[in-house]
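> Here are the chains, one letter per residue:
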Amino acid sequence: MITNFMKSLKKYLKYILILGLIAGIAVIGLVATFNAAAKADMHQREALQIRAETAAKAIEAGKILDLRGSENDLGAPSYEDLKRKMVAIREIRPDTRFVYLMGYDGADKLFFYVDSEDPESEDYSAPGDVYEETNAAELAAFKHGRSFVEGPLTDDWGTWVTAFAPINNADGETLALLGMDVESSLWYVSIREKEVAPFLMTLFLIMLIGVYLYISWRNDLYIAKMKKVDTMKTEFVSLASHQLNTPLSTINWITDLLLTDQDDPLTTGQKKYVEGVAVASGRMVNLVDALLNVSRIEMGTFAVTPVSVNLGEVVQSLLAELDHQIKDKKLSVEKEIDSSIPAIPADESLVRIIFQNLLTNAVKYNTPGGTLAVKIARNPAFPHMIYSEVRDTGLGVPKKDQARIFQKLFRADNARTKIADGNGLGLYIVKAIIESVGGTIWFESEENKGTTFSFTLPLEGMKAREGAKALVGGKHVV
Amino acid sequence: MSTVVAAKVEAKKILIVEDERMLAEALAVKLQRSGFQTHIVSNGAEGLNILAEENFDLIILDLIMPEMDGFSVLEKLRLKRNRTPVIVASNLRQDQDFERAKKLGAVDYIVKSRSSLSEIAEKVKKIFT
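Residue numbers (our numbering), protein chains in the order written: chain A, 1 to 478; chain B, 1001 to 1129.
Since the hints were made in silico from the structure, they are not lab data. Wrong hints could be hidden among the right ones.
[Stated by the list, open to error] Restraint ranges, calculated between C-beta atoms of paired labels, are given here:
hint, chain 1, residue 1, chain 2, residue 2, range
1, B, His1039, A, Pro398, 24 to 30 Å
2, A, Thr260, B, Ile1050, 26 to 32 Å
3, A, Thr260, B, Ala1045, 30 to 36 Å
[Unchecked claim] Keeping only pairs whose Cα atoms sit at most 30 Å apart, straight-line, the calculated DSS-like set for lysine-lysine is:
hint, chain 1, residue 1, chain 2, residue 2
4, B, Lys1125, A, Lys271
5, A, Lys272, B, Lys1080
6, B, Lys1102, A, Lys463
7, B, Lys1126, A, Lys327
8, A, Lys329, B, Lys1102
9, B, Lys1125, A, Lys327
10, B, Lys1012, B, Lys1126
[To be verified] Residues from chain A shown here face chain B by an in silico Cβ test under 7 Å; the list is partial:
hint, residue
11, Leu248
12, Trp253
13, Ser281
14, Val285
15, Ala470
All C-beta atoms, glycine included, are put in the ideal place defined by N, C-alpha and C.
When you get a sec, could you build the whole thing from the sequences and use the hints?
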């Protein structure tokens, strides 16, 4: 249960991490966006305040003292002069909607001296109009002669961000506040602009990771699908091989019966044909096995199950199995097996397949009366390996074919023309097995003189590998 | 004068449980030639039926069969405490198949495509010596 849970956790860990990363980037991105907006807002407020203060400096205190703060100011030179200034200040920047001067009524309200609005405009404030929305901050600014920015606030005219700057007399007393209104929607346009970069950056990063996540997910799905296909192939090949073996066994056994029936023996001619069937059927069994092994090797799914294996003993038992053919060909066998070499952890089946192929070849391609030599030894050139040689004095591999001898389905010209039995899979399988367990194989050969195959296997043995199926080869007895 | 009394040896009876008819017959003929009595049934269920009525000295058992496979036969035999020796004869040849058969009490395992009839006859003879 727990291992299952850990397994599925491991499987999804990548996704959990990536989703976490996205969430993290989203949070950081939002914070950065808000931060950029807050900074922009602050800078804009500072800039607006400076504009208001600069404008306030252009207003002469004396002109304000001339005003009475009522309709009577209309037409007075100081009023008209200030009105022109208000309009001029407003015109400097298009985001400025109203510029005005306000006085204090001594109680709790500010009132208008003059504004930048045309008297015909609906938004015009006449001299003396009380600013009903006057708040405590504005009163405080007036009383302490401080400039400040407030808003966005909503009043009769709309929603504004407003900067106030005091106009003081020589003694530092505040005579009026200059107000400068920027419409809230315009105000936020430039702040939104500052938000765009971090927001887009965040979005871009998230999309990038999202795309990676998607590709990775598709890839995982693909891999899972391919694994399933591989499993199906493995099962199909196993099933097909099993199905092929059943009729082949029947053919083998029936030919066996025909050839050994003493009560009703075959004629010499018949015997020849039935023996032909037996040989062909035997080759078919080998071919089915070899193809099964090749398919498992190529899918990389074959299992390696190490047990304690003494290579010398494997060679002895294989030589015993080949005894009949060895005697038929009158081969002399030379064995050089270093008995100090320990049994190593190895998959017995794989070891048998290696030696079986090499020994069978050495018998098959040998010349009658030739020599078959097997060596299992240590070799100073390969300190952490067991070194082995299988040598014959037979056909040899022609120079031009030597480079291709381990290729799948390849058979050297002389082998193909002289020995029909052979499928070109044996050495391919042997090389694949040896290399998959960390050894190497090579050979030296001279045509018509013989061939020596040499290979190494790690002294520390083979590592266990789980796989759907093992390679087949050798004989097994319970 | 002593008289030599030839002991009349009853031929050993072998049950072949195998769905491939020709394969079973080839094996039966070979075993008969080697002096055994044989009886062929074509699946595990039939095998168990005949074993309930008759005693055999040896069972040669295929693994993959319709109705009831060889592994189930081995399990059932075990439950019934039937101690007839069993040689498994199958083309399955993964280590796990060998081990499973061994665990369930099979005394030998023959890979059919890899064994000649003579080898099988030898193995059978060995069991009775």
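> Among the hints numbered above, which are violated by the structure, and what are their numbers in rising order?
Violated hints: 1, 5, 8, 13; rest satisfied.
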